[in-house]
Amino acid sequence: MHRTRREILLNAGRGFGAMALTSLLQGASAEHVNPLAPKPPHQAAYAKSVIYLFMHGGTSHVDTFDPKPELTRRSGQAISAEQVKGLKTSFIHDPSKAVLRGSPWKFQPYGKSGIEVSELYHNVGERIDDIAVIRSCFGDAFDHAPAIYLRNSGSQLPGRPCLGSWAIYGLGSENENLPAFVVMSDGSTKSGPQAYSAGFLPTVYQGTVFRGGANPILNLATPSGVSTEQQKQTLSFIDRLDREHLAARGEDSTLEARIASYELAYKMQSSAPEAVDITKETDATKALYGIGETRTDDFGRKCLLARRLVERGVRFIQIYAGTNTGDDWDNAHTDLIGSHNLMCGKTDKPIAALLTDLKGRGLLESTLVIWGGEFGRTPLSQGQNGRDHHPYGFSMWMAGGGVKGGQVIGSTDEFGLRAVENAFDAHDVNATILRLMGMDHLKLTHLYQGREQRLTDVHGEHEFTKKLIGS
Amino acid sequence: MWRIGFLACFSTLLIGADDALPARAVAVLQANCSGCHGESAAMSGLRLSSRDQALKGGTRGPAITPGDAKQSRLYLAVTHAAEPSMPPGKSLETGDIETIRQWIDSGARWPAAKLSSWWSFQKPKRVAVPALNVAWVRTPIDAFILAKLNEKNLNAAPEADRFTLIRRATFDLHGLPPTAEEARSFIGDSSPNAYEKLIDRLLASPRYGEKWGRHWLDLVRYGDTAGFEQDPYILEAWRYRDWVINALNSDKPYDRFVKEQIAGDELFPDDADARSGTGMYCVGPNRDMLFKVEDQNRVEVLTDYVDTTSSVFLGLTVGCARCHDHKFDPIPQRDYYRMRAIFEPAVKTRVFLEYNEARGYDLAENRREIKLRQIADEITRIQSPYRKALLDKKLASAPAKLREAFLTDGPKRTPEQVELVSGAAGRAYRIGDDDIRAALSQADTERLHAIEKRLVSMFAGYKPPPMSPGITDIGPESPHTYIAPRGNWQMRGDLVGPGFLSVLGGGDVPVEPPPDAVTTLRRKALAEWIATPDNPLTARVMVNRVWQGHFGRGLVGTPSDYGVRGEAPSHPELLDWLANEFVAQGWSLKKLHRTIMLSSVYRQSSVGGSKQDPQNLYLSHYNRRRLQSEEIRDSMLAGAGALNMKMGGIPVVPPLDDNELYGIIGDPSDAWVVTSDKTEHTRRSVYLISRRAFRSPMQEVFDSPDGNAPCPRRESSTIAPQSLTLLNGRFTIEQSKLLADALLKKPAPERIAHAWRQVLSRPPSDLETGAATDLLAAQAKITGSEPAALAELVRGLFNLNEFLYVD
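Sequence order for the protein chains is A and B. So the first sequence is residues 3 to 473, counted in our numbering. So the second sequence is residues 1476 to 2282, counted in our numbering.
Mixed in with the good hints, there may be bad ones.
[Stated by the list, open to error] Per the computed footprint, the stretches of chain B lying under chain A, defined by three or more beta-carbons under 8 Å from a beta-carbon of chain A, are:
| hint | region |
| --- | --- |
| 1 | 2037 to 2046 |
| 2 | 2189 to 2196 |
| 3 | 2260 to 2272 |
In short, the hints are calculated from the structure, not lab data. Treat the numbers as computed from the prediction; the structure is a model and nothing was measured. Beta carbons are placed, not taken as given, at the ideal position from N, Cα and C, and that holds for glycine.
Working from the sequences, and respecting the hints, build out all of it.
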């Protein structure tokens, strides 16, 4: 309400840019006023865009990227109470009475680096020389929603801005006609939309959910039963009366911005459908992502869409794999084998394809691809056939965006119970991601409730960018 | 625009305002530098505890060159532009560096007074109303505002026309547009007190409580669910919502309103309604949802109680002091834990609204539970043989391994068998209720029908319990409170007792309650300490919130931060005058609204503006505002003639389609249980369910708060998704069709005018009638359908700026 005229005009493009407004702003130095205008980073950036593949529900680290021969050797054996002291579990009643459980899957070395990856992720294994595996993540939230909030926003309690929101708050957007921060999911998640919320940052920094179909954004399409021609007529009626209304009131930037936002809305009706239209992609590309195959089709489309969005300058894309109303990593509580065969089967090929495709197009250098989730799973058996939640030591990986591939950072103990070497918490990881995007987590702040708030709160002191870029 | 004669400036005692920047800057130094360059240490000979010392500097020379940050060693050090960079091994936050820069550039003045004499911590002064003898000055408010306008060489805008005034006042007090008839009648009212009558009529209407109740609900982070993965219902949270609306409608004095919320149970133990006020502590995000960490949950709950209490009633952000002494405000960590000790014994409870009914409800519920268990058992016994027979039949043709897995007792199954049964292969062999229903014998069908009848009679007339959520103490003794070093709740620092913020005078709460007490009476003491004219913040904070509700911006621009980081008041004398007047008028909110709305300032036109005052801090015109999300929806319903004015009761869940519900946690049949009575779907927005983990598209794009923290002021954004929602959203289409249907029943020549009156509360101009006629013709030509053309006209009207903004 109390902004300068120019600021308000540019705000009209908030969420999707300000293209239609440029005519109103000739000669204006837009970057100072449009909250989503591209902003210079604090430091040289390694990555321009981020694709964050969030394995939501809990992927077992000891069955994917953290081989534990000792665990396999002692599978079925008890563990000492000392070793599980302080370990909180969700469904394992008493960890000291649970038994160790080796991975039912085989690991083998891949690439020149020879890093071992489980057969569950054999396609990703083939790309290992582009990947830095971080085997030493840890946290203290051992239930889904708090852990998801923690990884995304630095707090177990909802209400704080997520990483994607901070990223576009700090850097703005390269594309004026698409959202700067896009979220794709399988629908219902365990955290709800608050995981991609802008929290106390302005609404403009909220993640925009892309649904399936030709019109990915809610209410983008002209309503059914209304033809394009009708829509045009009604819009021109609105425009005509709005201009009369404005003329009677003299200069008012808010009203002008609202008028402009209708022009923008109209233009977006073509740019967003174009971005999600994959019909022009070659058959080879589609096949690479597993589009057309039952298991991989859905996640393959999302990964391909992510590449198309990166090409169009979208800053931050987060894809949630897994849902709590269907195919779910978390079914590993009772069915490790089934859940992980299913979920890795859905994601392995598309993720490998994404890396291959980005690299082939020269985009991997400027695109940081992150694979991770809210926690790993217990090396201890839950019941006969399951693994429980496990935040005390688990894996994630990063590729592209300046990251030196073919390396392993950090480690867990012999069973994969705890991160022991180079242990990184959610804040360290988030500080590092910001740094790769060119931002200093200490400088990216927003005044709220009397404090200069930041994504990492008072933490993030073990930021590990140097290790990742290999310098 | 007309000019008011220039009158002698009266003195502007901007208490503390000039000190804001210096205070902030010195607080930054205090927090970051004083360890090495303070009273007790002077590394490199430098102390930063006074201006003289900073100018004198240390062995490297002066630390500050007043007026030129870029030439100042201090600034170069904190920006790491020169060695040594400071503080060692870390960086100041960007905002703090900027504070230092501005402060040095503006002369590096030290604050005149100590922080404890910060303006907001002093009681409101008795101020003389500026003597301005001009007709424009209708009320003391006008005198204060005009004096400042004169001082700034600004002119007041002329009075708005009558239509604008009634629309403004009706939206401000009711969150709804006036009806066309109300507008017409006000415009035609020639009595000298027509405007006063209007304001009195609006204040007397129950619509007032619904509009201003929503402001309060924002502030106390109200929601109907608790948040997190499960997002469970806070049962009967709506009782608190209704309590707020009723309190405002009955003009409950604000001091009493405060007392009932903080300590209704201790102050008014025999008054169930008063005790329901403590529901405020139950309707926030339930911070006790973390799994298996009950001790941590308890800490989070108490933190929420302390933070919410201080931010809502005192306008202070004490949260920082949870971990360390407040960096900017004089709130030591000890004070924070003393305040926490007040809430330490508090636990959630149920307030019986009517004792016998509530007891009766509990007893009925208790018996029903026992009956339900028997019924469940009966159902299982009827179904089991059928389930087994159907499974046997299916398994007969199943692969041997699968059959064996199914026939093995659950606990004896091998891992492979578990996977077979629970996996995709096993899913095809599950027997559903419908399979069983189809197989039932006549006799068993009848037995089930009999059970259904019993269930129906058990639940016919089932109502929510006559109970309200609230808090009370576990007893007259409280658990101990320890300071948590660095905010780490697992560590125990000093034991502290309950007490008040020392910067506001401090004082202990007696630890030993009287012998006959059933609670500790700690919250009673707190409530009495807050809800008194002696507290410098309470009245000021509330009058400022009301002012903000009318002008879009408070006299203090940071309505919940009156500390050093907050903004200084634009009109400190007016703020104090309003605070004193509020108390003198018995803490009546309605009188306060009336005082504000009768002023010439409030009645100004919104046309105007000055380059000198782009933010309109000095109110040289009225601030045009966008409707809030609730007002938009309610106004559309009103325009369509569909608004159901029923008040109160359990939250309404309107239907949303799959696309709109996308992302909601869990199965929508659990998470979004649509209200079965369709007439409820068009009730006012304040009665719609507010789920913490899910906001409807309208709430989300139009800046509704998420309920995770107190929201003292909503954002008013202008973003493209708002246009999409308003233009293409299902709700707009539905309401447009509704009004179009009503228009069809009118004679053709009256339709356009009627549409205008319904949506915009006024008849159309000739030009507008022309535009509408053109649109209808064009639409009819495309579709050949008159109803469709009219619906498009209405859709257009719902998207007009005139509809969406209040002048």
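Structure-based check of each hint:
For a cut-off of 8 Å, the count of residues in the region 2037 to 2046 of chain B with a CB near a CB of chain A stands at 3, and the three-residue condition holds. Given a C-beta distance limit of less than 8 Å, the hint that chain A covers the region 2189 to 2196 of chain B holds, as 7 residues qualify and 3 suffice. With 5 residues carrying a beta carbon less than 8 Å from a beta carbon of chain A, the region 2260 to 2272 of chain B meets the three-residue requirement, and the given coverage holds.
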